[in-house]
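Student: Below are the chains, spelled out letter by letter.
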Amino acid sequence: MSDAEMERIFLENAATAAAGTHSVSDTGDLLAALGRVVAIDSPVFCPGMTELEKAAAALFPVRAADYAAAAVTVEEVFGAVAETGTIVCSSEGGRAVQAGLLPAHHVAIVRRERIFGTLDDLFAAIAFAPPTNVTLVTGPSRTADIELTLAIGVHGPEKLDIILV
Amino acid sequence: MSPEQTSLAFRANSVCALEDSALRAAMKQATDTFGTKRADAFAPVADLEALRDRASAIRDDVLANLPMYVDRFVASATRAGAVVHRAEDAATAREIVRTILADRGARRIVKGKSMVSEEVDLNSHLEAAGMEVVETDLGEYIIQMEGETPSHIIVPAIHKNRRQVGRLFADRLGVPYSDDPQALTKIARKALREKFLSADAGISGANFAATDTGSLVLVTNEGNGRMVTTVPPLHVAILSVEKMLPSLADLPAFLRLLPRSATGQTITSYVSVITGPRKPGDATGAKELHIVLLDNGRTEILAGESRDILKCIRCGACMNVCPVYRTVGGHAYGWTYPGPMGIILTTLLTGMKKSHPLVDASTLCGACVDVCPVRVPLVDLILGLRKRKVREGFADPRERRGMEAFGKAAAKPALFALGQRLAGAFWPLVRALGGKDVAGRMPSPAKTPLRRRLP
Amino acid sequence: MRVLLFGTCLVDTFFPEAGEATVRLLRRFGAEPVFPKGQTCCGQPAFNAGYEAQARAAAEHFLREFDGDDPIVTPSGSCAAMVKHHYPRLFRDDPKLLAKAKRAGERIHELTQFLVHVAKAHEAGLRGKGTVTYHASCHLTRSLGVREEPLTLLSSLKGAAFLPMPDAARCCGFGGTFMAKLPEISCALADEKAASIEATGADTVTGCDSGCLMNIADAMRRRGTKIRVVHIAQLLAEGL
Ligand code: SF4
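Protein chains in written order, with our numbering: chain A, 1 to 165; chain B, 166 to 620; chain C, 621 to 860.
Just chain A, with the same shape it has in the complex (with noise of 0.2 Å):
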């Protein structure tokens, strides 16, 4: 699979498990992503330990100290899988994985390069030595407990936005 096919796929399959997409190819143009996709005065919890999340970082004015009390939680996130249009989470470098979980709108920033084909790919990658956590996000959290009505956002987000740099 070429990188270009692997990005295809990748955006195609998280837009449909409800995954907002979008395909940067600088630094500038993230942060104008960003601008779009988070309403600017909520407040967000940047990590701001990457350098693609220092420079979103000082996008927001409102920060949120933790992301128990933020509205959004915008990270760089450790990759993703092609194959389920996954995120993939981990809590490798002391990140903490559940920072993306309860706030209601979760912005994931992915590096092109960090997509993996395929689920093999990605546990061949990890399954040596996995971190304690590695938790692989596709689309928002959803139940359909009820009638087996799909309802969005349980327990955790309602929104999620993927930024492809």
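There's no promise every hint is true.
Each computed DSSO-like pair below joins lysine-lysine, with the alpha-carbon atoms no more than 27 Å apart [unchecked claim]: (1) Lys801(C) x Lys193(B); (2) Lys573(B) x Lys846(C); (3) Lys801(C) x Lys519(B); (4) Lys518(B) x Lys801(C); (5) Lys577(B) x Lys657(C); (6) Lys552(B) x Lys518(B); (7) Lys519(B) x Lys573(B); (8) Lys444(B) x Lys476(B); (9) Lys722(C) x Lys577(B).
Keep in mind that the hints were calculated from the coordinates and are not lab data. None of these values were measured; they are calculated from a predicted model.
Dock chains B and C with the ligand against the given chain A, drawing on the hints supplied.
Tutor: Relative to the frame of chain A, chains B and C with the ligand by itself:
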């Protein structure tokens, strides 16, 4: 609640269920939807049969070497910092969990969906010890509020319609009545969010346990499983021993099969792989992770002729297609696990004496075998249990006499022909007495049977 | 070609017309059906209820009666599946009978299998009338894997319209002794099946197993529906 097993009353239970029109409508709608969704989800999968073969072979290998894999899991999980407890039976498992919680002064417990915890009836034991146990899976939350048990292993409240849930929430939570699933979901989210943030401990199950890394794998949709395992400081996971997968690298095959079979999704919203508790430098994970491995008769099942039921990955597909389950729902089976896999597991785990009518609760239509992602030979296992029922003397004595006579006549054509003629003579009487029973629903024997019509 | 006809106990005792129709069809397509007079039952009632010794007795008798090399034809998917799939298991620890059982499994054909694959009856321009729908019985479909043959035959009928039934392969609730042990569920399932049949608008429903057809006919009677329920052998033989 602490449910009494009512499997012996399967027929009476099913008659009640048949008269409950709300239940029947809910079951029909839900299982029809499942059927369509499952078919759609598998349609684009190339080489599905090869995928099923692979998953089946992995599960076979696990069962063939289960003690070794369990030991390996215990070692790996311990190395990752978890504390692993082995529980021989339900009572031991309950007590282990209670002690872990009590020793740490935990009083407010949030719980993710776990059929094993239902199997050992964990909640009532913890509640009796003064703890508050809140089910956080929406379906479990609903039935806990109603004081019921799950009627499906994936969708616990499958038997309820939206109006029933709306009235329940209005009654118990004092919220305005709504029958909109999205609105009801919002109500539950709000009520449960507070519980998560103030909980002392989380209890979860696990779908798989990887023996090479000691990881637990949770396959969920709502996010409550993630909350339970990452927000409170203490996480207790309870799972049965057969949930092992040799390696974390085996997981993809099961991630492709389980969600598609269960809910018709390509993958669930969340798949969490948890390897040990929070370590220095981590910002994720419970500070303490305890894993309770339940045997509860599985080692014995492993040694017997029904061992293949332990291949089951609890997707629920077999019940969704089962004509009996679809018609009477899960509660009629009278214990934790319903449907075809439930017939087998219940009989094996609770004993023939408490459950023998269940082995007859199948038309042997084989729809379950067609859909089982890991090729559990459900019909053969049910047939095996029927033999055991007869062998152990739980068959109806009239049936036994009838079958013995049948065996003789089937081997002696003259006797067989005589039987045919007698049946013809007595049929009007048999029919008159039979009512809804079998004779009343069959035509009379032909005046001249085929054997006397042909040259 | 000589073929051994296994009538099955149900057809023999309750539905001899389906057996006679089978004979007519076989003759029409050049086969010489022989009815071994000592035949009884394949043993399914005992086997499915857990009485292995009795099932074995019936199966051993069947293997004696149907010994030889001639093809065996039976108007029942369920009984054919019993011989093909369960006999080898019954005799797993008896090498001689096991070999016979396996051989019988290779020789046995459910009627529509024989009519399509051997007799090519679907090319013979059989006549039909009215509108026909089809119930795909469980063991025929899933155990024996016979899915297309009945449809091939029915859609070849000149003058009849074939109307497919939704969920045609869903169980009708017969299940052999199931019908007697859990009659309430059995009736509920038969009702559901009857409703599917009625929804097609067909005037006739057919199938390859007289047990299921009997159960369906009973549901029709209870519901006061006038749809004709008939074994596929009879339906096809009418068009000869
Ligand atoms: S037996 Fe098979 S179909 Fe049934 S729940 Fe288990 S894995 Fe799923």
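Student: Each of the hints needs a verdict: does it hold here or not?
Tutor: Hint-by-hint comparison with the structure:
no.: 1; hint: Lys801(C) x Lys193(B); in the structure: holds, 23 Å
no.: 2; hint: Lys573(B) x Lys846(C); in the structure: violated, 40 Å
no.: 3; hint: Lys801(C) x Lys519(B); in the structure: holds, 18 Å
no.: 4; hint: Lys518(B) x Lys801(C); in the structure: holds, 18 Å
no.: 5; hint: Lys577(B) x Lys657(C); in the structure: holds, 11 Å
no.: 6; hint: Lys552(B) x Lys518(B); in the structure: holds, 14 Å
no.: 7; hint: Lys519(B) x Lys573(B); in the structure: violated, 32 Å
no.: 8; hint: Lys444(B) x Lys476(B); in the structure: violated, 33 Å
no.: 9; hint: Lys722(C) x Lys577(B); in the structure: holds, 23 Å
Of the numbered hints given earlier, the model fails hints 2, 7, 8; all others are met.
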